[in-house]
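These protein sequence lines are chains A and B, in that order. At position 87 of the first sequence the residue is numbered 87 (my numbering), and the sequence of numbers has no breaks. At position 53 of the second sequence the residue is numbered 53 (my numbering), and the sequence of numbers has no breaks.
Bear in mind the hints are in silico, worked out from the structure with no lab data behind them. Predicted model, so just to flag it, every value in this text is computed and none were measured. Just so you know, even glycine gets a beta-carbon here, dropped at the ideal spot from N, CA and C. Please note that a few of the clues may not be correct.
[What the hints assert, rightly or not] DEER-style ranges, computed between Cβ atoms:
#, chain 1, residue 1, chain 2, residue 2, range
1, A, 12, B, 337, 55 to 63 angstroms
2, B, 109, A, 294, 45 to 53 angstroms
3, A, 27, B, 111, 28 to 36 angstroms
4, B, 232, A, 13, 41 to 49 angstroms
5, A, 13, B, 105, 38 to 46 angstroms
[To be verified] Footprint (simulated), chain B over chain A, 3 or more residues, beta carbon under 8 angstroms:
#, region
6, 218-226
7, 256-266
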Amino acid sequence: MAAVRTSSEVALNRVAIAAVLIATLIFLAPIYWIASTAFKPKELAVSVPPTVLFEPEVTPFVRLFTKRVQMQKTVDPQVYEAAPWWEKRIYDGGERVLKVGKDVQLSQYPDRFMNSLIVAVISTVLAVGMGTFTGYGFSRFKVAGEADLLFFILSTRMLPPVVVAIPMFLMYRAVGLNDSHIGLIILYVAFNLSFSVWLMKGFMDEIPKEYEEAALVDGYTRMQAFFKIVLPEAATGIAATAVFCFITAWNEYAFALIMTNRRAQTAPPFIPSQIGSGLPDWTTIAAGTFLFLLPVAIFTFLLRNHLLRGVTFGAIRK
Amino acid sequence: MTQIELRGIEKFFGAVQVIHNLNLAIADNEFIVLLGQSGCGKTTTLRAIAGLETVDKGDILIDGKAVQHLKAADRDIAMVFQSFSLYPHMTVFENIAFPLRATRMSSSEVDTSVREIARVLRITDLLDKRPSALSGGDMQRVAIGRALVRRPKAMLMDEPIGALDAKLREEMRAEIKRLHIKQGSTTIYVTHDQIEAMSLADRIVIMHEGFIQQVGTPDEVYSHPANLFVAQFVGSPVMNIAEASIADQAGAASVTVGGAPAGFEFPRELLSKLNGHANGGLTLGIRPEGVLVRHDAAPGYVPVEAQIIEPLGSFDIVDLKVGSKMLRARTKAGYVSGPGEKVHARIDPEQAHFFDSASGKSLGVRL
């Protein structure tokens with residue numbers, strides 16, 4: 001049946017589309033800013049009025065990944081000619097790339113990026129895994145003091161985490177967990193666990209218990225039923241929970257700043273530390289931020305269908 | 001060959017007792033229907049047999065062996081759920097094969113067994129589909145296939161067709177009956193639908209508030225209800241129930257309902273058979289087909305007034321005002337022309353049931 005639309009409905013629809021477009025533009029503006037700055041020549045990054053059209057270059061990324069020093073004098077033309085294209089870009093900016101022998105010295109950025117990946121991935125796997133089992137337990141079994149326990153788990157979210165930063169820092173230092181991957185992982189799992197338990201319990205509640213009961217009657221143990229039946233059914237919920245946990249762990253700034261400074265430092269506190277003194281090199285910072293945005297954007301994009309269901313979970317019944 | 005016996009089963013949910021001292025012996029190959037309203041304990045009983053629910057007291061014996069402490073997986077019983085519970089992430093084939101995958105059966109044997117059962121259930125062409133692509137009836141066929149495929153000792157069915165629409169329900173009822181005759185396995189079937197129970201069961205177990213009310217063949221529970229609950233639960237339209245008083249009148253028994261001026265005539269022997277219950281405490285039960293209606297007066301007929309007429313196609317249900325009570329009678333379609341018509345009614349003594357008003361128990365009087 002074709003819906004008949006009145007002219008006022010059409011007008012309203014256009015207004016709605018316009019509103020969505022404007023909102024999208026507002027949300028995308030900072031991302032555009034970061035992306036465009038990451039490809040700008042250094043001097044255009046702070047130009048007034050802002051430059052919109054420019055010839056993009058990858059020099060900020062070269063600077064991001066290399067250690068450099070200011071040069072006192074101009075470079076020897078022979079050396080300049082022998083240098084690969086990316087090194088020339090550095091010479092053009094009045095700097096030279098630091099080397100040990102012939103090997104280019106990399107900046108700390110790749111290490112920090114790896115730290116972010118290690119901490120975010122492992123903490124997400126742990127938080128979601130534990131949340132899945134715990135949520136299943138709360139959903140399927142009579143747990144003594146269930147309501148109190150669930151409230152207790154939720155209560156860990158009831159104050160801003162930064163409130164406990166100082167005591168946590170002291171405790172971590174006392175047991176030697178500061179500036180370690182494991183320390184950050186424990187922290188992020190603790191942050192995400194309450195969220196993960198509650199979300200997974202909700203998803204588990206939506207899976208009819210007859211599925212497992214049928215499997216139990218059909219000759220399977222509860223553990224087998226869990227892995228063969230419940231987990232595949234819960235895949236959507238697990239994916240949605242994983243996205244949220246990953247984003248939280250990936251973006252976490254305050255604790256990473258306090259708890260880590262070298263070995264285990266993640267990208268969020270590292271990137272601003274590169275602002276340094278004098279005139280900040282905005283293009284290099286933008287390049288670092290731009291790369292930092294990618295994993296979470298890709299991860300979210302891959303799981304977008306699940307994510308939507310995760311957001312609307314509870315509001316829509318199948 | 002599977003016999004199931006329940007001995008003194010008791011079950012509590014918290015402080016609430018949901019099954020009271022339940023005893024039941026089910027013979028090999030028998031089709032037993034547990035019938036009752038929701039919350040009567042029938043599903044709990046079924047789940048206890050399956051091993052999905054523990055019992056607080058009593059024994060569950062399968063072929064003489066106590067199984068109440070065994071896990072569901074070790075009882076070799078299959079169950080079909082009302083919600084079908086097909087796994088959405090598996091094809092129909094994988095769904096049916098699922099119970100076999102728990103055994104050490106080789107995959108070629110699994111394949112043979114699944115195809116065999118699919119042929120019996122006429123779902124061979126559905127084997128590659130996902131459950132979400134199936135109709136309700138086909139889903140339930142698959143669920144039944146999954147239950148039958150490993151030839152379990154017994155089949156348990158929990159309102160398997162309750163979620164289907166009326167026409168499909170009728171179709172599946174016949175299908176289940178056909179399968180039971182063909183496959184012949186001890187079956188326990190739970191339903192709240194008395195028509196399903198009547199049409200499928202070898203014996204019906206009627207439950208109410210955790211107690212068994214009556215166990216018997218469909219004919220027994222229909223013709224000889226053990227108490228008022230069974231009398232009103234089984235049969236459609238519902239049996240008329242009315243407080244009655246009985247008097248000796250000119251060589252015959254006269255049964256008065258609703259304080260009407262004239263009583264219905266019964267054979268005199270009723271008086272002696274009802275001895276001890278003749279004063280108050282007596283409830284008459286009569287199915288609408290036992291209330292005979294005619295236009296003109298005749299011996300034994302009492303003048304009554306028609307109040308409401310419900311045409312049901314092949315017959316009408318007419319509400320007759322008898323004193324302060326209504327008796328529903330079943331008449332030929334259009335026999336009573338309209339409300340307010342004066343007709344004459346009689347109660348067929350052979351179809352009358354008498355109950356003790358206080359306990360609700362049948363007095364076992366047959367005329």
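What are the numbers of the hints the structure violates, in ascending order? Result: hints 3, 4, 5 and 7 break, sorted rising.
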